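S.K.: Please build the complete structure, drawing on both the sequences and the hints.
There are 2 protein chains.
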Amino acid sequence: MAPQLDSYFKQVDSLSDHFIERLRKAVAIPSVSSEDERRPDVVKMGEFLAEQLKALGASVELRPLGKQPHKEHLDLPPVVIARYGSDSNKRTILVYGHYDVQPALKEDGWATDPFTLTVDDKDRMYGRGSTDDKGPVLGWLNAIEAHQKAGVDFPVNLLMCFEGMEEYGSEGLDDFIKDEADKYFKDADAVCISDNYWLGTEKPCLTYGLRGCNYYSIEVSGPGQDLHSGVFGGTAHEPMTDLVRVMSTLVDSSGKILIPGIAELVAPLTDEEKSLYGDIAFTMDNLYESLGSQTSLFDNKERTLMGRWRYPSLSIHGIEGAYSAPGAKTVIPAKVIGKVSIRTVPNMESADVNKLVYDHVNGEFAKLKSKNKLTVSCQHDGKWWVASPKHWNFTAAGKAVEHVWGVKPDLTREGGSIPVTLTFEQATGKNVLLLPMGSSTDAAHSINEKLDKKNYIEGIKLLGAYLHYVAEEPMKEG
Amino acid sequence: MAPQLDSYFKQVDSLSDHFIERLRKAVAIPSVSSEDERRPDVVKMGEFLAEQLKALGASVELRPLGKQPHKEHLDLPPVVIARYGSDSNKRTILVYGHYDVQPALKEDGWATDPFTLTVDDKDRMYGRGSTDDKGPVLGWLNAIEAHQKAGVDFPVNLLMCFEGMEEYGSEGLDDFIKDEADKYFKDADAVCISDNYWLGTEKPCLTYGLRGCNYYSIEVSGPGQDLHSGVFGGTAHEPMTDLVRVMSTLVDSSGKILIPGIAELVAPLTDEEKSLYGDIAFTMDNLYESLGSQTSLFDNKERTLMGRWRYPSLSIHGIEGAYSAPGAKTVIPAKVIGKVSIRTVPNMESADVNKLVYDHVNGEFAKLKSKNKLTVSCQHDGKWWVASPKHWNFTAAGKAVEHVWGVKPDLTREGGSIPVTLTFEQATGKNVLLLPMGSSTDAAHSINEKLDKKNYIEGIKLLGAYLHYVAEEPMKEG
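Going line by line, the protein sequences match chains A and B. Numbering-wise (the numbering used here), the first sequence opens with residue 2 and increments by one. Numbering-wise (the numbering used here), the second sequence opens with residue 2 and increments by one.
Don't read these hints as lab results, they were simulated from the structure. Everything numeric in this text was worked out from a predicted model, so none of it was measured. A couple of the hints might just be wrong.
Pairs of lysine-lysine, DSSO-like flavour, derived with a Cα cap of 27 Å [as the list claims (entries may be wrong)]:
no.: 1; chain 1: A; residue 1: K330; chain 2: B; residue 2: K356
no.: 2; chain 1: A; residue 1: K374; chain 2: A; residue 2: K330
no.: 3; chain 1: A; residue 1: K179; chain 2: A; residue 2: K454
no.: 4; chain 1: B; residue 1: K330; chain 2: A; residue 2: K107
no.: 5; chain 1: B; residue 1: K370; chain 2: A; residue 2: K302
no.: 6; chain 1: B; residue 1: K91; chain 2: B; residue 2: K391
no.: 7; chain 1: B; residue 1: K336; chain 2: B; residue 2: K302
no.: 8; chain 1: A; residue 1: K26; chain 2: A; residue 2: K11
no.: 9; chain 1: A; residue 1: K454; chain 2: A; residue 2: K45
no.: 10; chain 1: A; residue 1: K374; chain 2: B; residue 2: K257
no.: 11; chain 1: B; residue 1: K391; chain 2: B; residue 2: K302
no.: 12; chain 1: A; residue 1: K330; chain 2: B; residue 2: K391
no.: 13; chain 1: A; residue 1: K370; chain 2: B; residue 2: K257
no.: 14; chain 1: B; residue 1: K179; chain 2: B; residue 2: K91
no.: 15; chain 1: B; residue 1: K302; chain 2: A; residue 2: K336
no.: 16; chain 1: A; residue 1: K356; chain 2: B; residue 2: K330
no.: 17; chain 1: B; residue 1: K391; chain 2: A; residue 2: K372
no.: 18; chain 1: B; residue 1: K107; chain 2: A; residue 2: K330
no.: 19; chain 1: A; residue 1: K123; chain 2: A; residue 2: K107
no.: 20; chain 1: B; residue 1: K302; chain 2: B; residue 2: K257
no.: 21; chain 1: B; residue 1: K26; chain 2: A; residue 2: K372
no.: 22; chain 1: A; residue 1: K257; chain 2: B; residue 2: K368
no.: 23; chain 1: A; residue 1: K45; chain 2: A; residue 2: K11
no.: 24; chain 1: B; residue 1: K374; chain 2: A; residue 2: K330
no.: 25; chain 1: A; residue 1: K302; chain 2: B; residue 2: K374
no.: 26; chain 1: A; residue 1: K370; chain 2: B; residue 2: K45
no.: 27; chain 1: A; residue 1: K72; chain 2: A; residue 2: K187
no.: 28; chain 1: B; residue 1: K26; chain 2: B; residue 2: K45
no.: 29; chain 1: A; residue 1: K91; chain 2: A; residue 2: K187
no.: 30; chain 1: B; residue 1: K330; chain 2: A; residue 2: K384
Some chain A residues near chain B, calculated using beta-carbon distances under 8 Å [as the list claims (entries may be wrong)]:
no.: 31; residue: R246
no.: 32; residue: Q295
no.: 33; residue: S418
no.: 34; residue: P420
Every residue, glycine too, gets a C-beta built ideally from N, C-alpha and C.
M.R.: What follows is the structure, given as structure tokens:
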């Protein structure tokens, strides 16, 4: 029996100005985690959340994470953990979000002040953190408040985990989650994370897979210091020459990874999987719009989605140590570090990928017969993640989407990684669902980040509805 | 008859503390031409020079060069031009130097404050500009003063041209020199530039050749903005992939330029030229020391010197627009610009080189079948220069070196370019001599730039002695 949600929905609608005001207050706190001097604002944002949660009757703790690694003068911002309800007859859902944001400066090209929520005539709400991830985080708080004011019983026990360092590598969080898995989080029956985006702008989705990422440094060094190309060009082995030649053997212009053995690690495409891509609400025009160009590798959506979700890719991000400014400088850099990453997919194990990369890079460098020195190393790796979309957690979310938005959601994967997803799955052993609020045009991490008012308000309805459907799903695991 | 220089030399010795003090005052003015906020200091340094010259009885003009191109809020620093003596029975020598310096910050790794001249226990005088080029510029002033105080008649009329933008492309100077060639500089019988270095640390040299430099930008663009490699990796043509692949076809790790046709433009090596390299005071250990490594392309000095002086070389300096910071960023840069230069030698004409580069780069890019866009352009070019070392200007300098240092100088070329050399030659039609004061270990442009006290003081003697020998050389052109 479908839950009765009308009074809750009506309450969300009538509180919408209040909810936007709450988001405005949150956006006004410039909680930029990557900038040392903004750390007090990050802490302030954590405290703001804690106060709001307490006012709603939740039990809240601000948990310190110690000093920031490599910046011992800085305390990490606290993790805000909270519980709302502890009825043993109800399911317990653990939700995660983050209250820190990416850097933003008006002069980067923002049309409006990034820390002043500004609603335009199309009800787009601009502001840093609006969609990533203050809107979704406040969505849970708003859902609680609307239930209270509508007099509707809250359908589950809600455990909340909101961190303040997501945009800076979630420093300290992994160990915290592992530690609390059998303590604060031990009742969790499933996990829900609202920190990603619809594939397009019209159709909601549930996300059940992410690619992993192995990030490599390829360092070539030779001379004791940078050299003048006039004086030394033609007399010394140049590290840049070697690095460029080695990097040119990694991937071709069609995106094909040239490292032997990588393709063999990839799970074969089954007919069943292949058949899923045609139905996804995505068009090549969506891709061209988000690319800002028509420079796609493929001319059809199925192969494009596979390229993004289920095949590995290799990108060359840049070079540290080489000349990178505008203008002209005649330097022979003494030490250059190529930055390359591979997006990984089932069944690529990190250690296997590393070995193939190391063997290939070292082999190609040996062919050059250079007197320079090359070292290749994996700077960090994060595993891919694929959950079962047949689990009740997904079934409940799918029904909630259909109730709120009137359409069945697409079941999607993502090309990027959200490492905390895998951490929650591994630490709790429970199903993890990614339930996005914003859409593909929200420009998270870019200038003019926004959240559409409709996505925010209907998103609040969705989060509440999801919890109602969760409460009604049969107990079997999917 | 050899000129009588003893009383001049003695005067230089007895004034040496005074001359070092003059250099200390000059180094203390941080005349960094590339930093907008230092522009007042550059101007101050020009005024300091002008005052010193006036005090010595020279006629001096500070000539404005107008606004700085692309920085219309900034006035270019003035060219300091001066004349000392106007006796029509004497030869007139035009000397050039520059009073601006490279940037320098203590935190770059300087052992001492870069703008405080600091003399160590080995009489090495550390400070930005000590050797490049404040020491040599003041050398001319010191030579005048020592003549005055010794009561020795100054042997030539001296025309001076000291600019304040050499370290930033000598903005505005070329046109100035061309304009003044038949005006202020019209009496010049020859030109002398002291702005380069000995090949090693023990033996002085006269320099009669320079390589040219064609500097290229190779721009590859595709997406409308930087992309996230998780979201777009595997779906779009990546500009970095294309650029790296194109740049890998330019030069191999042994330094061989792979662009077809370049080698054919190079003047063949004659037996006569080949025989000159053996006698040059240079060893592979000199190279290893200045490289800070043993990563040389060749294992003998002759081929090394040819690589530096008489063969072209191609260096990849870096990439603008790609990720260049420490750490890890998963960006797909939307537009990347490879910076590549070719050092040119006789008989490579710039237009021919450009055509070969453009054809090759465009051809290699076409092979990639990428949807991205590539444009290649020559950012700037400066021609190679080779003078006649048999001209009286060189003969006089050779005799002066032998008188001061007790050895015949090496006749050398340089791998780098000093574009003003060619400008003076073309504008005045006169022989140009490069007469270095400092040695190969002076670290111009690097941290801990220095000038040995011995090179400074003997260098002042050398500049004066050179003018005396110039006065005695027979009138024929060499």
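S.K.: Against each hint, give a clear statement of whether it holds in the structure.
M.R.: Taking the hints in turn, this is what the structure says about them:
With a C-alpha separation of about 22 Å, the suggested pairing of K330 of chain A with K356 of chain B holds against the 27 Å cut-off. A distance of roughly 24 Å separates the Cα atoms of K374 of chain A and K330 of chain A; the hinted pair therefore holds under the 27 Å criterion. The straight-line distance between the Cα atoms of K179 of chain A and K454 of chain A is roughly 36 Å, outside the 27 Å bound, and the hint therefore fails. Of the pairs offered as hints, the one joining K330 of chain B and K107 of chain A holds, with about 22 Å between alpha carbons and a cut-off of 27 Å not exceeded.
About 20 Å separates the Cα atoms of K370 of chain B and K302 of chain A, which keeps this hinted pair within 27 Å; it holds. Between K91 of chain B and K391 of chain B the CA atoms are separated by roughly 21 Å; this keeps the pair inside 27 Å, and the hint holds. Among the hinted pairs, K336 of chain B with K302 of chain B is inconsistent with the structure: their alpha-carbon atoms are about 42 Å apart, more than 27 Å. Between K26 of chain A and K11 of chain A, the direct Cα distance comes to roughly 23 Å. Compliance with the 27 Å bound is thereby established for this hinted pair.
Among the hinted pairs, K454 of chain A with K45 of chain A is consistent with the structure: their alpha-carbon atoms are about 25 Å apart, no more than 27 Å. A hinted pair counts as satisfied when its Cα atoms are at most 27 Å apart, and K374 of chain A with K257 of chain B qualifies at roughly 19 Å. Of the supplied pair hints, the one linking K391 of chain B and K302 of chain B holds, its CA atoms being roughly 25 Å apart against a limit of 27 Å. Between K330 of chain A and K391 of chain B the CA atoms are separated by roughly 34 Å; this puts the pair beyond 27 Å, and the hint is violated.
Proximity of K370 of chain A to K257 of chain B is assessed by CA-CA distance (about 13 Å); at most 27 Å being required, the pair is judged to hold. For the hint linking K179 of chain B to K91 of chain B, the alpha-carbon distance of about 24 Å falls within 27 Å, and the restraint holds. For the proposed pair K302 of chain B and K336 of chain A, the alpha carbon gap of about 25 Å is at most 27 Å, so the pair holds. A C-alpha spacing of about 22 Å is found between K356 of chain A and K330 of chain B, which places the hinted pair at or below 27 Å, so the restraint holds.
With a C-alpha separation of about 40 Å, the suggested pairing of K391 of chain B with K372 of chain A is violated against the 27 Å cut-off. Taking the CA atoms of K107 of chain B and K330 of chain A, the gap is near 22 Å; set against the 27 Å cutoff, the hint holds. Distance restraint check for K123 of chain A and K107 of chain A: the Cα-Cα separation of roughly 21 Å lies within the 27 Å cut-off, and the hinted pair is therefore satisfied. With a C-alpha separation of about 18 Å, the suggested pair K302 of chain B and K257 of chain B falls inside the 27 Å cut-off, and the hint holds.
For the suggested pair K26 of chain B and K372 of chain A, the alpha carbons sit about 44 Å apart, so the restraint of at most 27 Å is broken. Distance check on the hinted pair: K257 of chain A and K368 of chain B sit about 15 Å apart at the alpha-carbon level, within 27 Å; holds. For the proposed pair K45 of chain A and K11 of chain A, the alpha carbon gap of about 32 Å is over 27 Å, so the pair is violated. Among the hinted pairs, K374 of chain B with K330 of chain A is consistent with the structure: their alpha-carbon atoms are about 24 Å apart, no more than 27 Å.
With a C-alpha separation of about 23 Å, the suggested pair K302 of chain A and K374 of chain B falls inside the 27 Å cut-off, and the hint holds. This hinted pair does not check out: K370 of chain A and K45 of chain B have alpha carbons roughly 51 Å apart, beyond 27 Å. Restraint check: the Cα-Cα separation between K72 of chain A and K187 of chain A comes to about 32 Å, which exceeds 27 Å; the hinted pair is violated. Distance restraint check for K26 of chain B and K45 of chain B: the Cα-Cα separation of roughly 12 Å lies within the 27 Å cut-off, and the hinted pair is therefore satisfied.
Only pairs whose Cα atoms come within 27 Å are accepted, and K91 of chain A paired with K187 of chain A is accepted, the gap being roughly 14 Å. This hinted pair checks out: K330 of chain B and K384 of chain A have alpha carbons roughly 17 Å apart, not beyond 27 Å. With 8 Å as the threshold, the beta carbon of R246 of chain A comes within range of chain B, its nearest partner Cβ sitting at about 5 Å, so the hint holds. Proximity of Q295 of chain A to chain B holds as hinted, the smallest CB-CB distance being about 7 Å (cut-off 8 Å).
Against a cut-off of 8 Å between C-beta atoms, the interface hint on S418 of chain A holds, since the closest Cβ of chain B lies about 6 Å away. Checking P420 of chain A against chain B: minimum C-beta separation of about 11 Å lies over 8 Å; hint violated.
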